[in-house]
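Novice: Protein chains in written order, with numbering that gives the first Met the number 0: chain C, 0 to 389; chain Y, 0 to 565.
What the hints contain is simulated information worked out from the structure, not anything from laboratory work.
All residues carry an ideal CB built from backbone N, CA and C; glycine is no exception.
Keep in mind that the hints are not guaranteed to be accurate.
Taking CB as the label site, the calculated pair distances span [unchecked claim]:
1. C:Asp218 to Y:Gln565: 46 to 52 Å
2. Y:Asp373 to C:Glu358: 50 to 56 Å
3. Y:Thr329 to C:Gly380: 51 to 57 Å
4. C:Glu304 to Y:His562: 50 to 56 Å
5. Y:Asp379 to C:Thr373: 42 to 48 Å
6. C:Asp285 to Y:Asp373: 47 to 53 Å
Pairs of lysine-lysine, BS3-like flavour, derived with a Cα cap of 27 Å [what the hints assert, rightly or not]:
7. Y:Lys215 to C:Lys303
8. C:Lys27 to C:Lys38
9. Y:Lys326 to Y:Lys215
10. Y:Lys326 to Y:Lys361
11. C:Lys376 to Y:Lys479
12. C:Lys234 to C:Lys246
Here are some chain C residues pointing at chain Y (derived, C-beta under 8 Å) [unchecked claim]:
13. Val191
14. Phe194
15. Val283
16. Glu310
17. Ser313
18. Thr334
19. Arg337
20. Val340
21. Ala341
22. Glu371
23. Met374
24. Thr377
25. Leu378
26. Asp381
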Amino acid sequence: MLSDADYDIEHLIEIIDGIVDGAKQRTKLQLSVEDELDKVAPVMRQEAEWYVQHACERLREVEARVLWRAALARTGEHTIWFATTNYDRSLEIGSRFNDISIDDGFEQFNGREVAPWRGVRHDRPLQLLKMHGSTDWYQGSDGRTFKLRHPMPLYGNLAVVDDGSEWPKMTSALVLPTREKRVTHPPYPELVTSFRNAAAAAECAIFVGTSLRDPDILDVCTRCASRIPTYFVSKDGAPTGSAANPKLKVVVQKAARFIASTLPEFLAKSASDSLGEMTASANVEDGSVLDWLVAIQDETRTPKEICSAIERLSDSSVAVDAAALRPLLEHEDHTVRRYAVALVDKSLDRAEVMELAEERARIEPEGLLAEELTMLKTLIGDREKPPRAT
Amino acid sequence: MSTEPWPPALTIDHQAILRLFTGETFYSSVDASIREAVLNAIDAVGRRRSADSSLAPQIAVTFDTQSRTVTVTDNGDGMCQEDVTGLFARIGSSAATLAAAPKKGQYRAVGEFGIGVLSYFLCCQHFELHSFCPDNEPIGLEFSRNMLDGRTPARALPPRQTTQGTELVLSVEREDHFARLLERFPHWIRHVEGLSAREYPSDAPLRQGGLSREIKPVDVPTPPWIHEAVIGPPVLFDSWENFDGSAHVDVLYHGVFVEQVTIPRLWAIAGAVHVDPKRFRPKLNREGFVGDALKADLEPVLRDAHPKILERAIECVRDVLGDDHTKHWTLGRWVTLWLAVPRSGPYTRAAALWDDEFRTRKAFRLLRPGQQVDDVSVQDLIHLGAHELHIAPLNLPNADQLVQQAVRVLRNSRRTVVQGISREASFLQNASLVGVSTGDLLAHHFRRELPTLVPVADIAADVIRQEEAIRLFHDPPEIKLVRLGPDATPVVPVGQEIWINLDCQPGKDIVEDVCRRNEGHLGLWAACMRQAGQYAQQIANILAHSPDQPNRLGPVKRAYLRHLVQ
Chain C
0 MLSDADYDIE HLIEIIDGIV DGAKQRTKLQ LSVEDELDKV APVMRQEAEW YVQHACERLR
60 EVEARVLWRA ALARTGEHTI WFATTNYDRS LEIGSRFNDI SIDDGFEQFN GREVAPWRGV
120 RHDRPLQLLK MHGSTDWYQG SDGRTFKLRH PMPLYGNLAV VDDGSEWPKM TSALVLPTRE
180 KRVTHPPYPE LVTSFRNAAA AAECAIFVGT SLRDPDILDV CTRCASRIPT YFVSKDGAPT
240 GSAANPKLKV VVQKAARFIA STLPEFLAKS ASDSLGEMTA SANVEDGSVL DWLVAIQDET
300 RTPKEICSAI ERLSDSSVAV DAAALRPLLE HEDHTVRRYA VALVDKSLDR AEVMELAEER
360 ARIEPEGLLA EELTMLKTLI GDREKPPRAT
Chain Y
0 MSTEPWPPAL TIDHQAILRL FTGETFYSSV DASIREAVLN AIDAVGRRRS ADSSLAPQIA
60 VTFDTQSRTV TVTDNGDGMC QEDVTGLFAR IGSSAATLAA APKKGQYRAV GEFGIGVLSY
120 FLCCQHFELH SFCPDNEPIG LEFSRNMLDG RTPARALPPR QTTQGTELVL SVEREDHFAR
180 LLERFPHWIR HVEGLSAREY PSDAPLRQGG LSREIKPVDV PTPPWIHEAV IGPPVLFDSW
240 ENFDGSAHVD VLYHGVFVEQ VTIPRLWAIA GAVHVDPKRF RPKLNREGFV GDALKADLEP
300 VLRDAHPKIL ERAIECVRDV LGDDHTKHWT LGRWVTLWLA VPRSGPYTRA AALWDDEFRT
360 RKAFRLLRPG QQVDDVSVQD LIHLGAHELH IAPLNLPNAD QLVQQAVRVL RNSRRTVVQG
420 ISREASFLQN ASLVGVSTGD LLAHHFRREL PTLVPVADIA ADVIRQEEAI RLFHDPPEIK
480 LVRLGPDATP VVPVGQEIWI NLDCQPGKDI VEDVCRRNEG HLGLWAACMR QAGQYAQQIA
540 NILAHSPDQP NRLGPVKRAY LRHLVQ
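Whenever a hint applies, use it, and build me the whole structure from the sequences.
Specialist: Rendered as structure tokens:
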């Protein structure tokens, strides 16, 4: 069923939901239900639901940390609303491991295993709106929404029961596709409202990796595009069909590349319309920037693997921050050190890493780093020379 | 039973021995007969002059073609019967024995063994002897070959000699022998005092041979045993043309040629020396000096004379060859002479003269950028006013690759690069030269006059390093990227290094290939094979020591190298 590249797990769930819903309607109309598919469809839906939760929950900490570190470190004085329909906890984990506080609408755990929904605040610099819930969100039998410190994938009739009876029985709170996206029970109406309000007040909007199939998101995107610089980031280019919008500024990049490299650069600059210039000549790399970023920061990788990742990042002009580069410039393998110089020029912290590289070059007996740095400076110098008058 | 006495005694077969002496196993050719006849005449005159120093020697040699006779007359002391008997009847008796007699004074004869007369039988069956010695009956005798049996006596003839002296008439048996004697006369008879010769019936005078080569005589000191030295540089073009680098001096014995002494390295010496018989008699056999006896004595004399002769030689060069050095000779032949002038000690003045002669001759090549070459002289080089003069190797194509490239770099960067003209290998082979090219002269003998002279071979490595060579890999074998000009080869194996020339497209392609493959030395090998297969063996030898793990180039270095070759 997923053989066609146009379909994904959400499409699958939509299809299954359609089958289940059709069976319900026939039952309601007292029509006979003899189709075998009607019997297995609910099971399939549970499996798909489990799969979504399980897959999202398999997010590796290192990937989340690497993906978001540079951007979160450069939020500075900005007020940023992150709105996402993804269920995974990438941003939450990334912010926690980078000691950046993001408000997600829940109370603090304060030593507990469960935190109840508190409501969206509007006074925090970094706010997260998980429009379709999260893998750690659970729906209480009392109608409230909770977040577990140690979440587990639930599907079907499975529920979490607190032995101490402090909390009600809880089931999965994910807003899965089709009908359920339109559920009206808390906190989703509040999230949608907050999203719309935040967009209405924003000075710049960036839509990353979304298909704009969600009508709320498409509507907000359209409104933003008519009012403020609005960017649409996708490896496939401009949205098509009903989502097409000439006012959108299209950034052809993969989401991970954008979040890890382009967004931090953009945040470091003050002008909200600079993103277009930064990405004007960007090409979609063949491979996963996130994988490469992880590779260069994974101590278990071999020098050859690290060098290969550096090379891919360098070829793709991915901006890497000092936190990632420092260990490379100080790596015990001289080949890794030499390769790391390739990331200095495009680094998010170029001045800092250049100074670090020079310091390393001074103390390195082989002189290899020094040679590499000299060449880099020559290349930079030649590049920055004013064109010769003709 | 044998009739021979017993026990046996040594017996001599006189006829066999005499025939031995008259055969060519003793003398090398019939030439000996004319030489011996003249020498006997010289001895006779010498003996008479020892008693009467005012005597004007008169020796006449006549070749009569019709009668095929050779007649030698002299106004020497003449012979009486006793002399003839002693000399001719007893072979082995020396004319020197006669000289020992009080009546013959103190003259020391040429003939050593008294067997010279036998040489007459080399060319004739019989000869006549007419002699008159005052206070004695004149003698007229015919000696025939039959006398070699030891028993047949000479036949008496009516004496013809009426004045003191001797006449010898050789009746040459064969026509070819007569022709040879006539032809070889000037070879052997060079400068005999008082000798005149004619040919009949034409009555044409025959000249003595004189010097083998015409020379410009140089007055040089000689030891007492050399009566006269007529030596100096030759003056005729042919002599210069045929120089081989050795001295060639004729040794004469009372004007008769004995042999030519050849002494290597003493080039430009020609002429003749007349040696004293008293010194050399014990060292003479019938046809020349024994072993190297004369050469050993003569060489120091000529060596002492050599500097002075070379000083004079420059005048001959100028006279013979003129100012236009390319008219007769190649420049290489010209400079070979210059290179053959020794420069130490007594040769200082000679060297200075030759240097002056060549100061304005364009005996150097100034290597201009590209392939341009200008012919220049020492004077030109001085006037160039360069701070440094780089001396390129003589044979650049065969020079070390490093040096070749250094020369290329220097000339393309408009530095002053000079190349010498090489000696002509086939000319003056026996002379010792101060170098193989005029570049060597520059480097060693013009240092004071010229700017700083730097042989390129001494600075080749520095020259290339100044071109900011880039090391391709961090591990050996060393691979360097250098700029050697677009006309240089793309790959240059230098010792244990390989240089890649970034100035030519194949060199750039190699670098691009290395960057693309990024397989270290292995990738380089593959790239070189495509672009510079002619150095395959050398490159393979160098790269045989490549590290096991490839030296991969970092992204920056690759970007930099690509930037360089674009």
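Novice: Would you mind marking each hint as holding or not holding in the structure?
Specialist: Each hint tested on the structure:
1. C:Asp218 to Y:Gln565: 46 to 52 Å: Holds: the Cβ-Cβ distance is about 51 Å, inside 46 to 52 Å.
2. Y:Asp373 to C:Glu358: 50 to 56 Å: holds, 55 Å
3. Y:Thr329 to C:Gly380: 51 to 57 Å: holds, 55 Å
4. C:Glu304 to Y:His562: 50 to 56 Å: violated, 27 Å
5. Y:Asp379 to C:Thr373: 42 to 48 Å: At 44 Å between Cβs, range holds.
6. C:Asp285 to Y:Asp373: 47 to 53 Å: For C:Asp285 and Y:Asp373 the Cβ distance comes to about 60 Å; the hint is violated.
7. Y:Lys215 to C:Lys303: Distance ~86 Å between Y:Lys215 and C:Lys303 Cα, so the pair is violated.
8. C:Lys27 to C:Lys38: Measuring from Cα to Cα gives roughly 16 Å; hence the hint holds.
9. Y:Lys326 to Y:Lys215: holds, 23 Å
10. Y:Lys326 to Y:Lys361: Answer holds: Y:Lys326 to Y:Lys361 is near 14 Å, not above 27 Å.
11. C:Lys376 to Y:Lys479: At roughly 21 Å apart (the allowed maximum being 27 Å), Y:Lys479 and C:Lys376 satisfy the hint.
12. C:Lys234 to C:Lys246: holds, 18 Å
13. Val191: Violated, because the Cβ-Cβ distance from C:Val191 to chain Y comes to roughly 46 Å (cut-off 8 Å).
14. Phe194: violated, 42 Å
15. Val283: For C:Val283, the interface hint is violated, since the closest Cβ of chain Y sits about 20 Å away, which is over 8 Å.
16. Glu310: Status holds, d = 6 Å.
17. Ser313: holds, 5 Å
18. Thr334: This hint holds: C:Thr334 lies near chain Y, its Cβ roughly 6 Å from the closest one there, short of 8 Å.
19. Arg337: Where the cut-off is 8 Å and the nearest Cβ of chain Y is about 4 Å from C:Arg337, the hint holds.
20. Val340: Constraint on C:Val340 satisfied, holds at 5 Å.
21. Ala341: Given a least distance of 4 Å, the restraint on C:Ala341 holds.
22. Glu371: Given a least distance of 5 Å, the restraint on C:Glu371 holds.
23. Met374: holds, 4 Å
24. Thr377: C:Thr377 check passes; min Cβ-Cβ to chain Y is 6 Å, inside 8 Å.
25. Leu378: holds, 6 Å
26. Asp381: holds, 7 Å
Hint compliance for this structure: hints 4, 6, 7, 13, 14, 15 are not met, and every other hint is.
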